[in-house]
Amino acid sequence: AAGKFVWKTVRGNAQKLPFKNEEFDLILLRGILQHIPTKDKLESAREMNRVLKNGGIAYIMIPPWYSPLSGQELKPFQIFGFHLAKHFSNTIMGRKISAKKLAELGLWPMTFKSTMQYIEKTKFKILKTTDILGRMHFLTKIPVIRELLNSVGFILRK
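Under our numbering, the very last position in the sequence shown is 158; numbers go up by exactly one each time.
Quick caveat, the hints were computed from the structure, so don't treat them as lab data. Worth double-checking, as some hints may not be accurate.
Calculated cross-link-like contacts (lysine to aspartate or glutamate; reagent style EDC-like; alpha-carbon spacing at most 20 Å) [to be verified]:
| # | residue 1 | residue 2 |
| --- | --- | --- |
| 1 | K125 | E23 |
| 2 | K53 | E120 |
| 3 | K4 | D131 |
| 4 | K53 | E23 |
| 5 | K20 | E47 |
| 6 | K123 | D40 |
| 7 | K123 | E47 |
| 8 | K121 | E47 |
| 9 | K113 | E43 |
| 10 | K128 | E147 |
| 11 | K125 | D25 |
| 12 | K75 | E43 |
| 13 | K53 | E22 |
| 14 | K121 | E104 |
| 15 | K123 | D25 |
Starting from the given sequences, assemble the full structure and let the hints guide the process.
Shown next as structure tokens:
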């Protein structure tokens with residue numbers, strides 16, 4: 001019936017999305033890219049481009065690795081490297097992290113710079129970068145500062 005929305009769950013893989021070419025007008029990828037293995041990130045970005053219609057919009061948000069809000073269980077110590085961050089998280093924060101490497105935590109760090117590099121290798125055009133928490137978009141233009149922002153959004157057009 002008109003106006004009725006039906007939910008459909010689709011399972012897939014970011015490197016081989018189970019959708020036709022140019023099927024979507026909008027893609028939202030919020031806080032996900034850092035959980036895709038580094039070796040698969042570029043293919044995942046290309047797949048997003050493949051399923052997005054020409055003229056469509058993609059929104060990618062990442063918490064830059066050096067942000068105090070990044071690093072999942074390791075935050076705010078992730079800037080010290082995995083083993084030291086794990087030690088501080090366990091001793092100071094009382095966490096019980098037993099992983100031996102970042103990948104075991106499902107983390108593959110992203111920075112503003114590395115995200116830009118992936119985007120530049122696709123056919124996306126960057127319309128705008130944003131600091132989604134502070135609404136101070138001009139900060140995404142300052143190289144050192146943008147790596148420390150809580151979250152950065154990339155608004156892209158195919």
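So, going through the hints one by one against the coordinates:
About 19 Å separates the Cα atoms of K125 and E23, which keeps this hinted pair within 20 Å; it holds. A distance of roughly 18 Å separates the Cα atoms of K53 and E120; the hinted pair therefore holds under the 20 Å criterion. With a CA separation close to 35 Å, the supplied pair K4 and D131 exceeds the 20 Å bound. A threshold of 20 Å between alpha carbons decides the hint, and for K53 with E23 the separation of about 6 Å falls inside it, so the pair holds.
Between K20 and E47, the direct Cα distance comes to roughly 10 Å. Compliance with the 20 Å bound is thereby established for this hinted pair. For a cut-off of 20 Å, the pair hint linking K123 to D40 stands: about 17 Å separates their Cα positions. Under the criterion of a C-alpha separation no larger than 20 Å, the hint pairing K123 with E47 is consistent with the structure, at around 11 Å. In summary, the hint linking K121 to E47 is supported, as the alpha carbons are separated by about 12 Å, within the 20 Å threshold.
Of the pairs offered as hints, the one joining K113 and E43 holds, with about 18 Å between alpha carbons and a cut-off of 20 Å not exceeded. Note on K128 and E147: the hinted pairing holds, with a Cα-Cα distance of about 16 Å set against a maximum of 20 Å. Distance hint between K125 and D25 is fulfilled; the C-alpha atoms sit about 15 Å from each other, no more than 20 Å. Under the criterion of a C-alpha separation no larger than 20 Å, the hint pairing K75 with E43 is inconsistent with the structure, at around 28 Å.
Pair hint K53 plus E22 holds up; C-alpha atoms about 4 Å apart against a cutoff of 20 Å. Taken as a hint, the K121 and E104 pair is broken in the structure, with Cα atoms around 28 Å apart against an allowance of 20 Å. Restraint check for K123 and D25: satisfied, since their Cα atoms lie roughly 15 Å apart, inside the 20 Å limit.
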